[in-house]
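Enquirer: So you can see what is in the structure, the chains are spelled out below.
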Amino acid sequence: MQNNEILEREDAMNTEIEGQDRIGRRCAMLSGIHTYDGNKKYVLHNKGTVLTARKEADAEKDADVLHENTIKLMSPMQMVLRRFFRSKLSIVGLVMIVALFLFCWLGPVIYTSWDSTEVDNSGKVEYTYTPVKDSEGNILFYQVVETGKTNNFFAKPDSSHPMGTDKNGRDVLARLMVGGRISLAISFLSVFAITLFGVIFGGLAGYFGGAIDNIIMRICDILMCLPGFPILLIVGTLVEAAGIDLQYRIYYLMGFLTLISWSGTARLVRGQILSLREQEYMVAAEAMGYSTGRKIFKHLVPNVMPQLIVQMTLSLGSMILYEASLSYLGLGAPEEFAAWGTMINSANDVNILQNYFNIWGPPGICIIIAVLGFNFVGDGLRDALDPKMRR
Amino acid sequence: MAEKHYLTGKEIRKIAKANKKAMMALEKEKWKKKPESEFTAQMKDDKNILEIDNLNTYFFTDQGVVKAVNGVSFNIPLHATVGIVGESGCGKSVTSMSVMRLLQGPQGQIASGSIRFKSSDFKRDEKGNPIPTGTHNLDGTPKYYMEEKVYDIAKMPMNEIHRIRGRQISMIFQEPMTSLNPVFTIGNQLDEVTFIHQPGATKESAKAKSLEMLNLVGIAAPERVYNSYPHELSGGMRQRVMISMALACNPRLIIADEPTTALDVTIQAQILELLRDLKDKMDGSIMLITHDLGVIAEMADYVVVMYAGRVIEMGTVREIFHNPMHPYTVGLQKSKPTMQSDTDTLFNIPGNVPNPINMPKHCFFKERCDKCIKKCSGEYPGMIKVSDTHFVACHLYDEEEQNG
Amino acid sequence: MAEKFKNENLTNASQNEYQAEIEAEKAEREARIKADMEKPFDKDALLEVRHLRKTFPIQKSITGKVLKELIAVDDASFTLKAGETLGIVGESGCGKTTMGRTILKLHPSNGGQIIFGGEDITNYNTKQMRPIRTKMQIIFQDPYSSLPPRSTVGDILSEPVLVHNIVPKNQVKEYVMDLMEKCGLRDYYYERYPHEFSGGQRQRICIARALSVKPELVICDEPVSALDVSIQAQIINLLKDLQKSMGLTYLFISHDLSVVKFISDKIGVMYLGSMVEYGAKKDIFDNPLHPYTRALFSAIPNPNPDIKMNRIVLNGDIPSPANQPKGCKFHTRCPQAMEICKHVCPKYKEYEPGHFTACHLFNAEH
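Residue numbers (the numbering used here), protein chains in the order written: chain H, 46 to 436; chain L, 52 to 455; chain P, 4 to 369.
Among the hints, erroneous ones may be present.
The calculated lysine to any residue pairs, modelled on SDA-like cross-linking and capped at a C-alpha distance of 25 Å, are [claimed, not checked]:
id : chain 1 : residue 1 : chain 2 : residue 2
1  : H       : Lys340    : P       : Thr129
2  : L       : Lys72     : H       : Phe130
3  : L       : Lys72     : H       : Asp290
4  : H       : Lys340    : P       : Tyr196
5  : H       : Lys201    : H       : Lys340
6  : L       : Lys71     : H       : Lys340
Derived from the structure by calculation, the hints contain no laboratory data.
Make the full structure from the sequences, and use the hints.
Expert: Spelled out as structure tokens, the structure:
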């Protein structure tokens, strides 16, 4: 019930009853709205009858109920939101991410004039007529040279191509929007996979300890020693040699990246579980004789979730960077299925780098926005969710 | 039903907006540079060393303003021990933090009131340097002219507070485990205090002073402790070191915030013995904050009982223990099981300490009080004088109630 | 260097003097433990603990052999009848909490027997323990860390009921509501989260959770030491009322003698893992024998400014349980320490019927 509602009802009753003190009245009203009677059923009383029936003494007894109810608290969700929105940076980050998602998923629905793989063939064909003369100056014939272009490549931004076209005459804006889908989707998938592996292995290591912990942590140590990029380059070549469609190569690579980079999350989860295991409520769960599964999944994992969410958000940014770097190195999707990294790859050409900012600039800016946005939101979430940071 | 006790988004935004405005104003005031005349004051009674007058300290939280200290007034006479007793959340620690100006900003702020402190500081020239007399102390450090001044700590800007904090008012904390820096030796930390607050101190004089202090607090091997790190010492030893640190500058006031709560009973007995011993030796007053009535009875000369941010009763220790007036003080004494009592059920005060946000207008103890009268639903009771030293805030002792 | 050598010689010499006694004591102790272990179980007792020992390894060799260990509980014995309360008093590091948890089999024990309800549960595994878990429960000291922060009160209280099938599924809510009422919790708390409550209310929730599985024995591990005085009294009274109405048996662990005195029928005083004195409340309070018990009694501040007690102030600190003194563990702080105390472990003897103590001062009298 809303507080002002209480006040309104109280005002209405001010005229009805006189002589009864203010607190007693408020109290009677509250207990009248919701009492717990002897038959163990919730009863909703009519306010008028309650007020006349209840004695002042009863009301006094319930006074602390009243006091408790006039105080409003924040629900756990509200507290998290309040702390999150206290920082301006996290709001900026949130806006950036929401804008990017709208751009990538809603954009192609609205901007339908070009498909991302569609080549603009509207280029005007122009001919230059050069008369070929003999020694006396008579025109023998005209040499016809095709000087225009058949597909509209390297178009400058104009009304039909707001960001121009690339060297194959594909619309940059359309490619940017669809490329974002690929980049974001791949990073989300790999982050979820990393988290899954991390929770399973970290949870096992933290909960059981001993030999299991030792084995898993040593595997983590080995994984942390592996140099990421050189191995990915080798795997990229292997994937190509295996004759797998180049369109899917980036998925294989990111999958492999997932396999070698869950160790950070696993360490985080293990550390959290080790400290949570010492908490008295876990000892209480042990004393209650709960099964191991219940203890891990009902009591431990939900309490690791906040840290996990923060970790996930922060690693989204780095996954986007990984994807972009791989694509830039030419290990990403082939050109026609653009991802942001692939689009920047075209800046390898000095001509494009110098003269066509409209081709490589926008995907670069998108990557910066995405990484910054995820990092801002991650930092904001950490402040909001981590009770140790509570101010 | 389930959600109704939660704030709505609109209310949360409203609170946040109001908090921000109030906090900014107070925070700005706190750091503003002022001429000295604005924060000097006059003591009401010259026998007091500290006078707290209508102090209000608020915490601006997301759920509303917590009036942690709500119009508290009491005095600390010279050479006396004043015990402040109350349960957690009653504002006793916040009062001491306000005196030290250690409140966590920007949420915690002194909203109004004054804390007058009679300080004895070095006389300073225009540049702010102390003026030497030309003579020397026994250990070779120069002597300086001193002067007595009364400062209003509540109005003092933060950049002037070092004149008082540490040198003239020092503090002993509850947690001896965490209040020493683990990476420096005890000697290092003790010497530092002398260096900061004693102009002209040399390495040797500081060490001599530190060893003397360690000796004073009953540490048998001061040299060994001087060279050890905090983790090498036990809790009781660390608390002794903390006490020696607090004493190092001959402060006029020591604030002991639950000095024995974290210690074992037998160690607590040692520390209490030590404090009682020091009380006679030192030239200053002690403000002892505790929830343990037994500790208060053994240590204090005057007692201030606090409840929900207000002083509800104060008097000499005998008045409070032999003639408690306020129902809360009575209940508190009855509900503590003692070695002497032999009852079957303990007396208990029903209910809980009220939530500090949105306190009612009437007496805060009304909901838990067993002697509640009709008048209790009215205004908050004022302080009623029982004797020259004994005051109580309860409607039961209003003049008309007594007569009628 | 030379001085050190001399000192060593000295101690060796005096040790030799007591060598015979040390060995006699050791042999006697081993024989007594062996004899006690073979005794039939006490039929009246709900809980019988015999010579319980719990150590934690603090240093291990590469092969896993324990080089150094911390003796947390050393030779603790007591019997507890149904409906009784045993108070365990001691300072921090005396092993009282470890003992409570070892009895609950939250840690494995390293020696001795735990007999609960006529069953020797010392070597039970997790599966065998599961039905016994409902019969013995624990209440913790810190009401803040002992409740899971992300569950509502209703969830916290109904989970054990559902897991152990205490009542049929459709009656769970009613059962929980009833329990909450018994523990002084209001019905609308059901949907709230622990962070919304004060320490006292949280402790009530903890009590309700422990009682939700209808236990016979409740181990109260310092249930009131984190609470305010006025709330302490409420919780102690609640525990007493519940004991009467539900026929509970308590093992009440506390460092506060006055609280223990109020709630217990029997009292055990622990120092550095060992029981130094054990007996009925009246015996212990009217006639404390062990110097440590006497010092504990006199250390409690008296809330009366006019009574100036003649206090026995113990010198020094509690030794570390990892590095315990030889002979009587208390001799480093004992005001009445004798030469023999430094070398020979005192016998744990029955001084008068039901009143045990381990001190050389009383050895001669028997």
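Enquirer: Look at each hint and say if it fits the structure.
Expert: Hint check results:
1. Among the hinted pairs, Lys340 (chain H) with Thr129 (chain P) is consistent with the structure: their alpha-carbon atoms are about 14 Å apart, no more than 25 Å.
2. Between Lys72 (chain L) and Phe130 (chain H), the direct Cα distance comes to roughly 17 Å. Compliance with the 25 Å bound is thereby established for this hinted pair.
3. With a CA separation close to 62 Å, the supplied pair Lys72 (chain L) and Asp290 (chain H) exceeds the 25 Å bound.
4. For the given pair, Lys340 (chain H) sits about 19 Å from Tyr196 (chain P) by alpha-carbon distance, which is consistent with the 25 Å threshold.
5. Taking the CA atoms of Lys201 (chain H) and Lys340 (chain H), the gap is near 62 Å; set against the 25 Å cutoff, the hint is violated.
6. Among the hinted pairs, Lys71 (chain L) with Lys340 (chain H) is inconsistent with the structure: their alpha-carbon atoms are about 43 Å apart, more than 25 Å.
Hint check: violations occur at hints 3, 5, 6; the rest are consistent with the structure.
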